[in-house]
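S.K.: Line by line, the protein sequences are chains A and B.
Note that our numbering has the first sequence beginning at 1, numbered continuously upward.
Note that our numbering has the second sequence beginning at 1, numbered continuously upward.
The hints are all genuine.
Listed next, the stretches of chain B that the computed footprint assigns to chain A, with coverage defined by at least 3 CB atoms under 8 Å from CB atoms of chain A: (1) 25–33; (2) 124–130; (3) 151–164; (4) 171–185; (5) 319–333.
These aren't lab readings, by the way, just hints derived from the structure by calculation.
No experiment lies behind these values; they were computed from the predicted model shown.
Glycine residues also receive a C-beta, built at the ideal position from the N, C-alpha and C atoms.
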Amino acid sequence: MKFPFLREWRRMLRQPIYAFGMVAAPLLCCLFFTSLMSEGLPEKLPLGLVDEDNSATSRNIARNLDAFQMVNVARVYANVGEARRAMQQGEVYGFYLIPHGTASEANRQRVPTVSFYTNHSYLVAGSLLYRDMRMMSELASGAASRSVLYAKGATERQAMAYLQPVVIDMHAVGNPWLNYSIYLSNLLIPGVLGLFIFMITVYSLGTELKFNTARALLRRSGGSTAAALTGKLLPQLLVFLLTGTVCVWWLYGHLHFPCHCGLPRMWLIMVLFVVGCQGLGVFMFTMLPTLRLGLSFASLWGVISFSICGMSFPCMAMHPILQGLAWLFPLRHYYLLYVNSALNGYALQNAWPYVLCLLAFALLPLLCLPRLGKVLREYAYLP
Amino acid sequence: MNYWKQALSDWNHLFREELLGVFKDQGVLIFCLLVPLGYPLLYAFIYTNEVLHELPVAVVDDCRSTQSREFLRHLDATSDVRITAYCADMAEAQELVKRREAYGAVCVPRDFSRRLARGEQVAVSAYSDLGGMLYYKAVLTAATNASLDLNAQIKVKRAGGTTAEQDQVAEHPITYQEVSVFNPQNGFATFLIPAVLVLIIQQTLLLGVGMAAGTAREQNRFRSLVPFGRQRRGMLRIVWAKSLAYLLVYIPISVYVLGVVPHLFQLSQLGRPADMALFMLPYVVACIFFAMTVSALVRNREMCILLIVFTSVPLLFISGLSWPSSAVSAVWKTIGYIFPSTFGIKGFVAINNMGAPLGDLRQEWTMLWLQAAVYCLTTCVVYRASILHSRQRLLQAWQAARLRRRQLRSHSTEHV
Chain A
1 MKFPFLREWR
11 RMLRQPIYAF
21 GMVAAPLLCC
31 LFFTSLMSEG
41 LPEKLPLGLV
51 DEDNSATSRN
61 IARNLDAFQM
71 VNVARVYANV
81 GEARRAMQQG
91 EVYGFYLIPH
101 GTASEANRQR
111 VPTVSFYTNH
121 SYLVAGSLLY
131 RDMRMMSELA
141 SGAASRSVLY
151 AKGATERQAM
161 AYLQPVVIDM
171 HAVGNPWLNY
181 SIYLSNLLIP
191 GVLGLFIFMI
201 TVYSLGTELK
211 FNTARALLRR
221 SGGSTAAALT
231 GKLLPQLLVF
241 LLTGTVCVWW
251 LYGHLHFPCH
261 CGLPRMWLIM
271 VLFVVGCQGL
281 GVFMFTMLPT
291 LRLGLSFASL
301 WGVISFSICG
311 MSFPCMAMHP
321 ILQGLAWLFP
331 LRHYYLLYVN
341 SALNGYALQN
351 AWPYVLCLLA
361 FALLPLLCLP
371 RLGKVLREYA
381 YLP
Chain B
1 MNYWKQALSD
11 WNHLFREELL
21 GVFKDQGVLI
31 FCLLVPLGYP
41 LLYAFIYTNE
51 VLHELPVAVV
61 DDCRSTQSRE
71 FLRHLDATSD
81 VRITAYCADM
91 AEAQELVKRR
101 EAYGAVCVPR
111 DFSRRLARGE
121 QVAVSAYSDL
131 GGMLYYKAVL
141 TAATNASLDL
151 NAQIKVKRAG
161 GTTAEQDQVA
171 EHPITYQEVS
181 VFNPQNGFAT
191 FLIPAVLVLI
201 IQQTLLLGVG
211 MAAGTAREQN
221 RFRSLVPFGR
231 QRRGMLRIVW
241 AKSLAYLLVY
251 IPISVYVLGV
261 VPHLFQLSQL
271 GRPADMALFM
281 LPYVVACIFF
291 AMTVSALVRN
301 REMCILLIVF
311 TSVPLLFISG
321 LSWPSSAVSA
331 VWKTIGYIFP
341 STFGIKGFVA
351 INNMGAPLGD
361 LRQEWTMLWL
371 QAAVYCLTTC
381 VVYRASILHS
391 RQRLLQAWQA
401 ARLRRRQLRS
411 HSTEHV
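Just chain B, same shape as in the assembly (with noise of 0.2 Å):
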């Protein structure tokens, strides 16, 4: 019973301390708060415009035909591109392009509309600059919609005497519907912001405690990760201590990064707030088990910046979104298994994107579980290691000091 008591008493102190440093230490205040806070918002800020409309582009029209005017005022007409120039030809059309005026070029052959009324087929040129792959798909998309648009209706021309019934039907035998789901405008704030909101939640958590971790070290005489006269408390009072500390912290920031911030910006929020609770608790769990076994590594303050800031972006890579997971080689995504935040933002983007229930992510969530276990049993092996090595150094000082005052003594005996 005494042992209970003691046991909950230490904890006490050991969590509210813990709690008081993220407060107290400006350093690990802007990872753990101003962070969470601020970034979330410039990020969405940055994309929030979702897409690329009247991408400016170049056109020579080297036919000057009715049909070829009628073909390019469908091309000016999308919301993909805006003609910015009619050139008298290529070389000119480049120029705008080398000058940054214009992102691609639409080039109408001489014998647009000869070839058209002889019957026969025309290509119409578009060149794109490779700049930035929005570039290309916003002048392919408004190309193939302007050909699409005027092929219907000269097909129609063409059959000739016909009713509007057959005219449908000779436009498209079988017509199709595209639809395009859980991100209907092809947004990219909608598709990247979840991703990074995710990510967040984890470096900030490697940073914040990474730097409390290097602190510990930088005022423990022994340059170790527990502090010294804590040793007798116990390796598990310690870890819970802490990690339920980071976990208060954490669970607000959660609810605003994940939950607000989409508010905010209006980015799709189909998921169900339970599910999403569930899903993200153990999230929250394992990066914080995660960081804490990471945190061992740091042996400063400010190394722990260096240390982990670079990894968003492979990250991001790795987990599937930027790049397709399928065509993600083997060796990467094991190395991606490691890290909480693969399993996180698939899942994050599946509940809160896709609406998906938490029943058809149970292998995220299982992984989650899965690492937060290992990532507790490692935190606490490391934590262990440090407590034993802190009791060793302790020991050799305390016997240093005792020969040292026997010597002492001894000398003054012969002295006397």
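In isolation and in its complexed conformation, chain A is listed as follows (with noise of 0.2 Å):
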């Protein structure tokens, strides 16, 4: 074992690809992944306006509207054609309409209308102004009630209970400032470092058969395929280890990320999730030892992973079908078990079902090992 131990050491250190795809690519996208979301949540998304009413009320809705945290009224449109064209082009994420006559409408009580429309084709900027847009209409709407409730004498108290009996007192738990960071970078991040383990993995076994080696390298570890496979792997488990820990370091030890469970158990979960993906790199090269198919096929589950983990789109919407085979994706599970122990603090053996399926894709390789031998032995590479 100690001869392709020292031989994959030499392999990584002459070859340049190794040192981008296990260290430098997957942290570099740590840094840009989380510099692109420093600002947490978006702020001063561009909205656009038109006015056709010009009055004290309007004014005071578009002055109301602009101090919101996450708008910026970019521009004021003469019309609504204008303000559709600007959106079309990207210019604004949507725009707020104040008919002609709102005011005196609405001093005759004659209910005017006021109306909003948002750009759901960007579909984060375009929930996060329709959110304060809808705010703006019933706090247009509330000020207009309270300056009739002032009049008749009410208190503030009384005016508010009148206006809003129920209010929701919303609460964000493990995220209260719904930072896109957290929710993101966390699961991009270990989804990139997986994706070079499935490739790198598949690569490193694929070119022993290309350069003919996978013979010499069975000989000199003494015929056993699994002393071969362990003393091969076994640095680059290293050094991808060495990644996720600086992943896990950057994000929950300098970014401050909640990490309720502490570090070292989030660490563990990121070494669970490295082997996991190592064993089942393992698995795709043995079960497609053409190295062009080989690769394919981990960069299709790499890239998928990032789909079907669920954290984007929750997995309970999607077909049933996808249901169950995302249960054979480590990011899903890794997913998971970030959830279950750093955002919501709960015990790891809470979410054991994850763990045990990030141990049996560890396992996997001990299960191909019969046929990963015969691969090395009688494989010849095929372009």
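Two chains, two frames, a set of hints: combine them into the complex.
M.R.: See the structure below:
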């Protein structure tokens, strides 16, 4: 086992693609996602305003709208057509329309209608603006009622109780800032790491066939496939663990993302994820020993992970077939373990099935050792 | 005249060779045909349900009055959530959340109806699991809608003895209308799939061209990009023949990916086909030259997969679709200008989802042509360098051979 271990170190040091895929690219992505979303919640999203009324009321609405954290009333348009065009060009993510005569109709109790248009083609920006514009519309309506109530001699407390008898006190458990970086970076970064673990594992095994070194490797490992494989994958595991550790430190140690379970347990989950991905990588190569097919499959599995793990679009809303298939993706289990432990702070026992699944992935190579030995001995490289 | 004849015949030969290369090489075939054909279907299948409906939530009704039950009935009636459990206390609700049987909790306080009867304001607490932003959105939307419904009813009741007209004024002195444009159901597929489709074209081109280049290098005696024996045929001919061969392959693929797939999954298609074609042409051309330039970095056949695949996710974020471009820092925005997909995604989403005419996308269109021109130039430079390098190696090899032969000859004369 000593020989393949040292030999793999030499290979990894000599070929820059290993340093790129195992350390440089995952860490670069780590930096990319956390710096891109460093704001947490996007602020000052450009919003258009079509003010046909030009009254004190309409200007008050516009001012209040601009004062929202998420909203920046970027441009004022003369009519709806212009605003729609600006929306199509991507200048604004939505616009607020105050039609002619709003103020005077409200004063005469004629119930005018204001409207807001949100472009949900940009889902994140659209949803955030929608929330604020809806709130503003409720407030505008409330302000009109309130002035009537004040005129009738109501106190502020009485007025508010009349205007909004029931209010919702919303608690976002685990991520009270609704920080998008916490929501996404925590999974995109392990996702990229997992993708590289799949690809590098398949690539390093496949190149043994490609350059006709597999048989020599087996011979020098005393003919034992297990020894050859362990010796070969151990250096890679150590480097991937190093990268994973840096990612965990960056997210929870440096950026202080919520980690209720403490750094060591999150690190343990990362270790499970890394070995799980490596195990699955070995399995992929054994089943598809052609380098191009193996790598294509590894990249397919790695990229699909991002969608099927359910972090952005929940698994429960997917087709039942996909819900079952999601169990075959290590990132899905990592996601559930992360939510369970770091975000919500429950004990690891609470999510034991996912730990077991990751362990099962890690043990997959044991199952495919005989076939892998045959592959390494007999298969030839196909371009 | 003879020169042009030679040029055209060379071109013809190279074009056919490249085209055959795409279809003969199974690796390239996977990326240039199989992935663009199959991948969009898989993605559309994942997101085809568009929205999250009926999220299971647990409720704690401490009040147990007519009004609190009415509030909870309103909550249950929304499309966003479904009440799966009525718990005795918050601890029980939390236990359900812990077991992932509920993803949110709503708690109606003990003094709910008493405060309403007294004419005081009352707060209902809602909790949501933040494992997914959509959980939060569902719980918030449902609770807000239920509370607004109830508020309107209470206001009317309190006003007392009024006409229907007065009720309406009391409810909302200014009403509002919410219009969700270009994605009326706020769906995930309508939002994400168009960008993924555009990205697939660029990424598969990078992979396919990169793999072909890697193979060319492996089969080449001097590990150079341009095969031995082609050097005299001129750099321009090689570049043009190759790029046109890829263009020929990618025109039907683009039509399928950008036209047929959205149709199959009933995504919005508001764009005019002519605008779409005119916009996507510079995109595909820019992608081809970009891929040919990048392919110079690929040393062996399979390496390009390792270099290219992971970039898809960052590119999706940098394009301003997942993360609003107004919140992207200047550094990342500038880096985004390198990739055709940044402009391609923005333009395609505008034309396809929002029905924008081409004239409104002048900026993106010009940038794509500019990218096409710049990457065409860099491709020429890269191929020129490769040809020169290859020629030099050939010359060296020839000189070495000549030297060896001379030495051999001198040896043999000495022996004589």
